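Chain by chain, the residues run as shown.
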Amino acid sequence: MASSLHSNNTQICPNPTALNGGSAADGKSQISKKPRLYADPPPLFTPSDIISEFSHHDPDVARINNGSFGCCPSSVLSAQNQLQLQWLRQPDNFYFNQLQPKIIQSRTIIKDIINADHVDEVSIVDNATTAAAIVLQQIAWGFAEGKFCRGDAAVMLHYAYGSVKKSVEAYVTRAGGCVIEVPLPFPVSSVDEIVKEFRQALRRGKQNGRKVRLAVIDHVTSMPTVVIPVKELVTICREEGVDQVFVDAAHGIGCVDVDMKQIGADFYTSNLHKWFFCPPSVAFLYCKKSTNNSDLHHPVVSHEYGNGLAIESAWIGTRDYSSYLVVPKVLEFINRFEGGIEGIKKRNHEYVVEMGQMLVKAWGTRLGCPPEMCSSMVMVGLPACLGISSDHDALELRTCLRDKFGVEVPIYYRPPKDGEEGGVVTGYARISYQVYNKVEDYYKFRDAINQLVDNAFTCASLPIS
Amino acid sequence: MEHEDPRNGESPHRSSKKPKFSSNYIPESEIRDEFSHHQPRVARINNGSFGSCPGSVLAAQRRWQLQFLRQPDAFYFNTLRTGITASRMIIKDLINADHVDEVSLVDNATTAASIVLRQIGHSFAEGKFKESDTVLMLHCAFQAVKKSIQAYVTRAGGSVVEVRLPFPVNSEEEIISEFKKSITEGKSNGRKIRLAIIDHITSMPSVVIPVKELVRVCREEGIDQVFVDAAHAIGSLKVDVKEIGADFYVSNLHKWFFCPPSVAFLHCKKANASSDVHHPVVSHEYGNGLPIESSWIGTRDYSSQLVIPAVLEFVNRFEGGIEGIMERNHEQVVKMGKMLAESWGTNLGSPPEMCTAMIMVGLPSRLCLNSEEDASRLRSYLRDCHEVEVPIFYQVPKDGEDGVRDNDGCITGYVRISHQVYNTLDDYEKLRDAINQIVKDGKTCKMLCIE
Numbered sequence: 187m188a189s190s191l192h193s194n195n196t197q198i199c200p201n202p203t204a205l206n207g208g209s210a211a212d213g214k215s216q217i218s219k220k221p222r223l224y225a226d227p228p229p230l231f232t233p234s235d236i237i238s239e240f241s242h243h244d245p246d247v248a249r250i251n252n253g254s255f256g257c258c259p260s261s262v263l264s265a266q267n268q269l270q271l272q273w274l275r276q277p278d279n280f281y282f283n284q285l286q287p288k289i290i291q292s293r294t295i296i297k298d299i300i301n302a303d304h305v306d307e308v309s310i311v312d313n314a315t316t317a318a319a320i321v322l323q324q325i326a327w328g329f330a331e332g333k334f335c336r337g338d339a340a341v342m343l344h345y346a347y348g349s350v351k352k353s354v355e356a357y358v359t360r361a362g363g364c365v366i367e368v369p370l371p372f373p374v375s376s377v378d379e380i381v382k383e384f385r386q387a388l389r390r391g392k393q394n395g396r397k398v399r400l401a402v403i404d405h406v407t408s409m410p411t412v413v414i415p416v417k418e419l420v421t422i423c424r425e426e427g428v429d430q431v432f433v434d435a436a437h438g439i440g441c442v443d444v445d446m447k448q449i450g451a452d453f454y455t456s457n458l459h460k461w462f463f464c465p466p467s468v469a470f471l472y473c474k475k476s477t478n479n480s481d482l483h484h485p486v487v488s489h490e491y492g493n494g495l496a497i498e499s500a501w502i503g504t505r506d507y508s509s510y511l512v513v514p515k516v517l518e519f520i521n522r523f524e525g526g527i528e529g530i531k532k533r534n535h536e537y538v539v540e541m542g543q544m545l546v547k548a549w550g551t552r553l554g555c556p557p558e559m560c561s562s563m564v565m566v567g568l569p570a571c572l573g574i575s576s577d578h579d580a581l582e583l584r585t586c587l588r589d590k591f592g593v594e595v596p597i598y599y600r601p602p603k604d605g606e607e608g609g610v611v612t613g614y615a616r617i618s619y620q621v622y623n624k625v626e627d628y629y630k631f632r633d634a635i636n637q638l639v640d641n642a643f644t645c646a647s648l649p650i651s
Numbered sequence: 004m005e006h007e008d009p010r011n012g013e014s015p016h017r018s019s020k021k022p023k024f025s026s027n028y029i030p031e032s033e034i035r036d037e038f039s040h041h042q043p044r045v046a047r048i049n050n051g052s053f054g055s056c057p058g059s060v061l062a063a064q065r066r067w068q069l070q071f072l073r074q075p076d077a078f079y080f081n082t083l084r085t086g087i088t089a090s091r092m093i094i095k096d097l098i099n100a101d102h103v104d105e106v107s108l109v110d111n112a113t114t115a116a117s118i119v120l121r122q123i124g125h126s127f128a129e130g131k132f133k134e135s136d137t138v139l140m141l142h143c144a145f146q147a148v149k150k151s152i153q154a155y156v157t158r159a160g161g162s163v164v165e166v167r168l169p170f171p172v173n174s175e176e177e178i179i180s181e182f183k184k185s186i187t188e189g190k191s192n193g194r195k196i197r198l199a200i201i202d203h204i205t206s207m208p209s210v211v212i213p214v215k216e217l218v219r220v221c222r223e224e225g226i227d228q229v230f231v232d233a234a235h236a237i238g239s240l241k242v243d244v245k246e247i248g249a250d251f252y253v254s255n256l257h258k259w260f261f262c263p264p265s266v267a268f269l270h271c272k273k274a275n276a277s278s279d280v281h282h283p284v285v286s287h288e289y290g291n292g293l294p295i296e297s298s299w300i301g302t303r304d305y306s307s308q309l310v311i312p313a314v315l316e317f318v319n320r321f322e323g324g325i326e327g328i329m330e331r332n333h334e335q336v337v338k339m340g341k342m343l344a345e346s347w348g349t350n351l352g353s354p355p356e357m358c359t360a361m362i363m364v365g366l367p368s369r370l371c372l373n374s375e376e377d378a379s380r381l382r383s384y385l386r387d388c389h390e391v392e393v394p395i396f397y398q399v400p401k402d403g404e405d406g407v408r409d410n411d412g413c414i415t416g417y418v419r420i421s422h423q424v425y426n427t428l429d430d431y432e433k434l435r436d437a438i439n440q441i442v443k444d445g446k447t448c449k450m451l452c453i454e
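Taken in sequence, the protein lines are chains A and B. Residue 633 in our numbering is what sits at position 447 of the first sequence, and the numbering runs on without skipping anything. Residue 250 in our numbering is what sits at position 247 of the second sequence, and the numbering runs on without skipping anything.
No lab work stands behind these hints, which were simulated from the structure alone. Treat the numbers as computed from the prediction; the structure is a model and nothing was measured. Among the hints, erroneous ones may be present.
[To be verified] Some but not every residue of chain A turned toward chain B, in silico, with C-beta under 10 angstroms:
1) Ala356
2) Val486
3) Val595
A virtual CB, placed ideally from N, CA and C, is assigned to each residue, including glycine.
Looking at chain A on its own, in the form it has when it is part of the complex (with noise of 0.2 angstroms):
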């Protein structure tokens, strides 16, 4: 597998000039012999200088999964070692000195990259499931504090993330207020049948009087993924006197376009170490000044409680924040890719997209949903006949895709709906493409599940643990 790696067209492009972030001039490593004559900017990845940066990952793994952890170049590592070093060197001189100053240095960059009026609107969080926290526990204080009715709505997606679940019962159940799921088809062949759901589960939020205090609403779904039309999601929500509208783009920036004035929600998070190549963990949270949202705090207080929530959530007690701080590294490594973050989005949709279309040729099957309603990651039908018939199933073949094959993929387990009749696809991968995978790497994940059903594999065959 390895030795794939060194040769030439490892890349897979749907035209030999379109090698990721290089021109064809650029496509061999000999470019490091002409001297460096530029002034500014830094020149565009070779192939082999993507290879190099992400030299760390386990070459035997073919690793279709950055949507779960995302992953993180060298260069990045290696300057968020840098900052890490000037803390433990003079702890109380970086804290009084440098980590303001660089916390808001990665928020106007951030700003900046998602259209946000002020950096005001931009708060740095570890992560997409801390920023649910935050956004839930002041409709939490709404209800507690009689703002809110008992019996008040809260709207979310069926398939919302299992931690915001877990996160809207912890603050709005507990807190005396009602969820209504918003059912969605999978797989689903248009945006109408999404808007079409969302604007049923509205009517109920609002049934009986009731007000629908929030609107929970994914940009890109997790399991199964599938790109939600926001935008238009927000509009109805406004048309239909939704109080606050929050989208959950765990996976947004660097995935689909994240335009803060465009998309109009009052709360947007997305994780900046799964498509925007941070190191773990780093996110931010927006939130649209006009809202309002004073009552916003970080839950772990410290002495800058009341500050404003991008002052709180920049001392939340003795941490190591390097991660916040690498971003302004991260957006000299992206720009050395042709088109920079749009252009890396762009490349990683078409290959996505390539290469499931070759897995359900392949295996008979076909994709969760249409081309245009993909991100960097699809969901890539399985051969009905391994019998996946539940999630734990679906875990199980995914343990024995790693442990057995080297591949590295989250399956998702599909209910078959009634009426439906029998060798529907039950069973879903979802592989996703970023700038270190290579065509290898989804042939050995077909050849994987090629060589199962040649077995004769079904999951009823798995030990039950």
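Got chain A; can you put chain B on it based on the hints?
Same frame as chain A, but now just chain B:
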């Protein structure tokens, strides 16, 4: 200088000129190596604020980080949980807890305070407690804890009673007496005290509090729950949670226990382990108990929680292990404190037996330290112009009281000096000379020039 190093005392690992009969213990030169990443020439006598981490533990941390980055899914499914459990087991033994289920790892004491106070806040908000019910805390409680009380208790309708401890303090009895007075106040008019928050070692000014005695008093007085904020405790003094008997006990491991930033343990007594204690960052583990909730709060770098075995290896290279380190730190900081007080003609903030690895030393009154700004100014000046890092405490004079005096006036400022294994006599002499220079030059705090 090595010969004069007070740390050496009778310890076997003195200068290389002595025969190495106890060569199993970590030699001086290796200790220096372990902390070679510290800024040289800075007299780093503030271990109390941000702690320290030796090179070998940082290397272990790096290995964990790389393991995650190499194959994060495999790490998450196969490695993370076992690693955290192993760390929790070590802590359980160190603190004499009954069961590992009582031990959760969290980021820091600040997080633990939010966890404990949220559940109190819920009880107020949900009507389990009455509005007049109180929470008791020390007046000098850490600012983050005070704000947490504001955010979760006061906001939910609860009241707060502050215990004013004397400073400088002369005996444990003074503390116990003030504490009892405040309990009486908190229970006046038929009110109930729902929670008492007691520091084990206060931060500023730093003093060791007789927690075991105070917890006993709390039980006698029918206080619902006791939370001991022991941010500085582990690695500083002996921690025996059974002996202390609190409902909640938290200590940072990155301050005095050589962990990298940041990690703390929160001990919750099993008998009292209400299922209502939750981590505020809710993940899919919600409802599985605080230790499990805390072990996954979304994608994070959990490496600081995983290096505890490596830390144990490190401390066991010292004579007497962590106990030996604690003993020597205490001896040295008292010795250095006395040296400074004598040189400046001032005082110590507490008797030696009421301090651990930190001690408060009075500053000459001629500095005219009369405000928080003065303290801040002096601290920055010492850092920028003398390469000395030490926190300064401003003692607000009590009405009608003169307080402690030196030959020239009232002592209103104190330095909090720390001693950790990397400190040398040099560090404290640097501070001594810097202060003497300022006084000699006739400068007051307000006259100090800083960038």
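Are there hints from earlier that the structure breaks, and if so, what are their numbers? Hints that this structure does not satisfy do not exist here, as all of them hold.
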